[in-house]
Amino acid sequence: MAITGRLPLLLLAGLVPVVLVARGSTPWLWLLVVLALSGLDWLAAPAPRTLEIARRSPGATRLGTPATTTLLVTNAGRRPVRALVRDAWQPTAGASGNRHRVRLAVGAQIACATPLLPRRRGDLRAVGVTVRTRGPLGLVCRQQTRDVPGTVRSLPPFESRKHLPSRLARLRELDGRAAVRVRGEGTEFDSLREYVQGDDVRSIDWRASARSRSVVVRTWQPERDRRVVLVLDTSRTSAGRVATSGMQDDVDGVPRLDSAMDAALLLGALAARAGDRVDLVAGDRRIRSQVRLHAARDIAARMQDAMSTLEPVIAEADWSALAGAVQALGRRRALVVLLTPLEPTAVEESLLPVLPALTRYHRVVLASVRDPELERLAGVRDTIDDVYAAAAAEQALARRRHTADMLAALGVDVVDADAESLPPALADHYLTLKARGLL
Amino acid sequence: MSATTTATARSAAAPSPRGRRGRRFGTLLIVAGLVSAVVVALAVGGDAPRTGFLDPDNPDPAGAQAVARVLSDDGIEVQVVRSAAALRAASSDGDATVLVTSPEHLGRSTARHLLAEAAPGTLVIAQPDLLALDALDLDLDTSYAPELGGSPVEADCDLPQVVGLRLEVDRPTGYSGRSEQSCFGADPSLLVVRDGITVLGASELLSNDQIVRADNAAIALRILGQRDRLVWYVPSIEDLQGDDAATLGSLLPPWLGPGVVLVLIALVALVLWRARRLGPLATENLPVVVRAAETTHSQGRLYRRAGDREHAAAALRRATRRRLTTRLRLGRETTHGTFVLAVAAATGRAERDVAALLAHDSTPETDADLVSLADALHTLEKEVHP
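Heads up: the sequence lines are chains Y and W, in that order. Everything in the first sequence is counted per my numbering, starting at 1 for the first residue and increasing by one. Everything in the second sequence is counted per my numbering, starting at 1 for the first residue and increasing by one.
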C-alpha cells in the first residue's frame, strides 16, 4: 500500500466545498469521500504478484567498468498493468537509474535494463525487486518486494596491463626470435642457423660450420616450463590503504591487497607468455584460494576471477599453512613470489621461521607495497608534532630496512615499491631472473 | 601578556580607595534623587489638573471646568465618574442626568448599562463617533458641518430647553437621520434627540473658551441642569474590555478554520506520500578504511605526549647517519669519528659543529631545540653531495 501525489492534491481540492459550506464537519466529510475513493482504487489496482519477473544475469565485469543487468517483466494477469519497478542492488554495485515505469498489456513482456558501475571488488548482489502497481484512479498503489537473485562479479581492474607490452618486448629480446641474442647461463639451446652480419662471433658453432658450407651460429632461448607460484597474503596487514600518486586528499588510497593483485596479474600474464606455469595461492589464517593455472589460455582472466572475492580479514597470516600449500603444488623448483607487506613484526614472527624450508627448494621473492606516506612524514619537520611524527616514521623505515636485510640474508629477494610501481618492478625482477637463468 | 595588560587597566581606572568610595556615594545620591523625584511626581500627579477635552476638572480652554463649577454653584450635585464601575455605582437610582464626554472610549457593555439604567430623556452624549453611535444602537449618520460653525445658529425647533436660543461653536459635528427632535440646522443638525438620548453635536459649547459665546451657557445649563444631580461620565480606555472591541474572529472569513483543518489533512497525506519507500533500503557491510601509516601517526603522537625528546633525537640522528653513510659510500663498520670527518669534508663545515649535531649523547632540552635539531639535520643532509 502506498499513496500517490494525487491524493494530497485531491484533498486540497476539498477547499472548494469548504468555502461553499463553511462548517467544521466539511473537511472530515471530504476526507471520508477521498478515503472511500482510495479504497475503491486499491481494490481495483492489479496485484503486484501478477507480474512475473526474471533476470538476465550481468556476469562479470572489471571494477569501474559499466555492466548492465536486465529484468524481464511479464504481465501474467488478466488486466493491463501500470507499475513502477525498482531493481535494488547493494550500493557499491552502482545501480543508477534502477526505477522503471512499465505499462503492460495482458500477456506483454518488457525488458528493463539497469546500468551497473561496480565500485568495489567481489560478488555484488541484487537486494530485491519492488513492484508498485497503480489503481485506475492513480490515487493509491499496491506494493510488493520480492527476491529476484542476481550477482555481478566485479573483477580486479588489472590496471597494470599497460605495462605488459613493453615487458613482452623485453621477453622477446631474451628469446631467439629477436635479432639480439643473449647467450648466458639461463638460456637453453634453440636451433642452428646461418651466420648473418652482426651476430656475435662467439656464438658460431664451429663443429656444425665444418659440416656445412656456410658459417653456422647457434641461437638460444630463455628457459621454459619453469614454475611460478604467486602467494597472496590476505591478512590484516594487507588491509592498510596506501597513497597513490594521483590521489586527492579526500580519497583514502588503495588497499595494499588490491595493489598486490595488480602486481600478481601482471606477473602471471607475463610468465604465462614466457611459457612458465603459474599457480596461485591466497590466504591468511587459512587458505582462501589455491588455483593451478598451468595450461590456461587467458591466465589473467582466470586469475582475476579467482581473486575477485578475496578480502583482507582481521587475522594474522599463518605462513606455515601457506608454505604447506605452496609445497603441495609440487616439489619441483619454482619461483615463489610472496605478495605481502614488509611489516617487521608480522614478517619476523610468522614468516621468518618457515622461510628456510621454502628457500631450500625454491627461489623466493618478497614483493611488498610500500607506503609513500612514511617518506613524506620523515621529511616534514616544521612543528614539534611533525618532528615527533618524523622520528616515528624514521624508526618505522629503519625497522623495515632491517627486516629487508634479514630477508636478503636468508636468500630472499625483496621488491619494495609504491602501489603503482610495484607491478612493473616485480615484472622487471622476474625478467632479470629469467635472463640470468635463476629460475 | 594579556594578564599584565588587564592588571594595568584596572589600576588606572581605580586611582585610590577613597576616590572610589566618593564616586559610589555620588551614584547612590543620584539614584535616591531620581527615585524620590518619581515618587513625588506620582503623588502630585494624582491631584494635577486633567487635560482631556471637555474634562470637568480641566481649566484649559478645551476643558469644561467652568460649566461644572457653575452647575454645582447652582445647587446641582455634579458627580464626576471616570470608570465604568464608578458609573454603575453612581447611576443606580436613575434620577440623574448622565453626561458622557469623549465617548470614543465608550464600550459596548457600558453603553448597554447606560441604556438600561438611565431614565428616558436624561442621557446626554457629547459628539459621539460612528462606533459610539453603533454601541448605543442609534441609527444616525455623522458628518462635519462647517457651514454651521463660526456664527450663531437659531434653534429652529420646539424642544423646551433650547427654544429661542442661539448657539455658536467653531467646529460642530452634524447628525442626520430619523429622529424625534433635531435643532440647530436641519439635516444635519447639531442637537438631536432620539429614543430619549440627547446627542450633542456641538459639544464645544461646554468648553471653557466657547461657553460665553451667544447663548451657549444657557443651552448647557438647561440641558444639564434638568435634575438635581448630574453624573458626568468620562470613559477611560480601561473601560473597554471583553467584547467591547472587534475580535480577530469577527474579521476573518468563516471558512478559514475548516480550510486550515483540510490543509493539515492534506499535509499529512503529503508526508505519507513522500515517506513511503519504494522497497527496503539497500544495505551493505563495507570494509573499514585503515590507512597504512595510521600506526606511525599514533606512534608520533605517543612520543609527543610522553615528551620523549631523547628517543626522537636518536631516531632522527640514526636516520641521517644511515643516509649519509650510503651517500658518502662509507662502509657499515665506519667509526663515528671517521664518519664525522667525512661529513665535515663533504660539507665544508667545522668538524666540531658536525660532531655536536650528530652526537649520540646530547639530548635537546626543549621541544624548540628538538625542532631546530631536526631542521639542522635536514639541512646537513641536503648539503652533502658525494
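Hints in this document: simulated from the structure, not taken from any laboratory. Keep in mind that a hint or two might mislead.
[As the list claims (entries may be wrong)] The calculated label-pair distances, taken between Cβ atoms and stated as ranges, are:
(1) Pro280/W x Ala13/Y: 45 to 55 Å
(2) Glu333/W x Asp416/Y: 46 to 56 Å
(3) Arg322/W x Gly411/Y: 19 to 29 Å
(4) Leu286/W x Arg332/Y: 35 to 45 Å
All residues carry an ideal CB built from backbone N, CA and C; glycine is no exception.
- Which numbered hints are broken by the structure, listed smallest first? 1, 2
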